[in-house]
Amino acid sequence: MASIMQKLITPLASSSEPPRNKVSVVGVGQVGMACAISILLQNLCDEMALVDVIEDRLKGELMDILHGSLFLKTPKIVADKDYAVTANSRLVVVTAGVRQQEGESRLNLVQRNVNIFKHIVPQIVKYSPDCIILVVSNPVDILTYVTWKLSGLPKHRIIGSGTNLDTARFRYLMADKLCIHSSSFDGYILGEHGDSSVPVWSGVNVAGVNLQKLNPNIGTDSDKENWKQVHSEVVQSAYEVIKLKGYTNWAIGFSVANLTESVVKNLSRVHPVSTMVKDMYGISEEVFLSLPCVLNSAGVSSVINITLNNEETDQLRQSASTLWNIQKDLKDL
Amino acid sequence: MASTSKKLIQHVMKEEPIGSRNKVTVVGVGMVGMASAISILTKELVDELALVDVMEDKLKGEALDLQHGGLFLRTPKIVADKDYSVTANSKVVVLTAGARQQEGESRLNLVQRNVNIFKFIIPNIVKYSPNCIILVVSNPVDILTYVAWKLSGFPRHRVIGSGTNLDSARFRFLMGERLQIHPSSCHGWIVGEHGDSSVPVWSGVNVAGVSLQKLNPDMGTEKDKEDWKSVHKTVVDGAYEVIKLKGYTSWAIGLSVADLVETMLKNLRKVHPVSTLVQGMYGVKDEVFLSLPCVLGNSGLTDVVHMTLQPDEEKQLMKSAETLWGVQKELTL
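Residue numbers (the UniProt record's numbering), protein chains in the order written: chain Z, 1 to 333; chain D, 1 to 333.
Source of the hints: derived by calculation from the structure; they are not laboratory data. Beta carbons are placed, not taken as given, at the ideal position from N, Cα and C, and that holds for glycine. The hints are all genuine.
Heads up, incomplete: computed chain Z residues facing chain D, CB under 7 Å, no partners named: (1) Asp64; (2) Tyr172; (3) Leu178.
Construct the complete structure from the given sequences, taking the supplied hints into account.
What follows is the structure, given as structure tokens:
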């Protein structure tokens, strides 16, 4: 007796084609799920895989998303603690690891997260040897370096979410002072995603009008308008949100979806993300810091040679040195 | 000495700027409230989003986290306060506030706890947005929609419960899995109570207008070899299962809320299964709210689609109505 399916549908072709734009998210904590939902809501992939070690939570998150399938345009969403489920990903977003507690700096998290990455990275590469890896877990610059070392992949395929979010926060706060939308305010925060990030005041502009030309003191202590305060606010932002709600997730989720879009759609947009900066700006160490990078389906296809003044270059070199000091003591990479 | 802002930008408009035209408020910034907010923001449905809650730190943290993502959004104004004046002139107010189901707890248990919370919230909503549409999401949604209607004094077309919009979405997802077709092409309506006694209308289940019950007359009965009845059971158990695995549900209900908000703000006049006053229909005599297919637009719920129900389906609706009225008449409003 034929089933409903057999009576209703006449198959013509096999529908098991491999995915063309698969994105995997490792870690289904608040950040991982915010990344996942932002990517799904923007229809960026044709398949999504979620991985975590906590099996109940992983299954619960998957079910919750699947129950909303009617409202989404991503036909295949899967989850498992076994990385086989991530096979053939174009992009793998790594959010796994421990997160900052109230008042804790990102650098404190290092060794704890390195040990976790030693399990994760080889599994990712095993099942998606051609993928791009986007590292979000903190301290992101160090963990992007760790991922690069553990993966054996060429450096252009390992991206750290870096200062994409700091820059977004900066543009939001600066634009707010000028009563315009953040996308019309151009400016970059580079270097370390953290306490020593570098606001490039010399490049800050609206409609091509350079703000430093209008106010030569901008970003310095002698600035009557105290624009420097905006950068301090950016540095403090994450700590502030963590203090108020326990963690941050929405802003970083949107930021990751923004980067994902450039990679998956091969856009070649410029984003401040963490990349290998040895031999640039006089840096001699193998460290990852954020610079304006052109992102497309190959990963970091180029780096923009942004002009930095002496002070800004010094700050970058200082960050590089701080990061290398920590990196050199990491075991078993 | 002119500020940077004044040197850069010349203000030319002489009148007061017009306020928002498409504002939505979300009351309650728990998991459901925030999932609803994110879905609404990424679907670009509003020009202003207001958030309200009693927990001030959490509220401020959530608002900041969203604002920090402003660069990636097209919603220029996101505000939050425990004072309801921030909600003024909303087109739709989404009510997610209240206690949520604990593991194993039924929705009806939550009632009196949530009624007391609504006694504070509803008058505040009405005061600042006297012409809005209230969309109740908090559980037990059918009873709380009745409560919101009574406390607000609004006409019945402006107080809507999210009802079985989500149950139907879950049903269509499961149906899609069975038939290997996208949920949006699988049609099935679950009506009545959003909860354990919801009613799957088997006669309406179809793909491309082909009634599945005509292909399988046993569908929905105990005799059915394909056991479609278990699909409905899985829907009823859906929320409990997700809660058991991850502690709460958020994504599916958030997407479902955004779906309803979209229809209302864009005046689409789409038909959705939502909770409305059913007194006088299907033999129901009391003032109860149950889900039926309703036409939604920018004035709210303007029409109800008359379904041809089997006698036992009508009986189930009447029985739900009796159960709900049994609880409602004991409430102190």
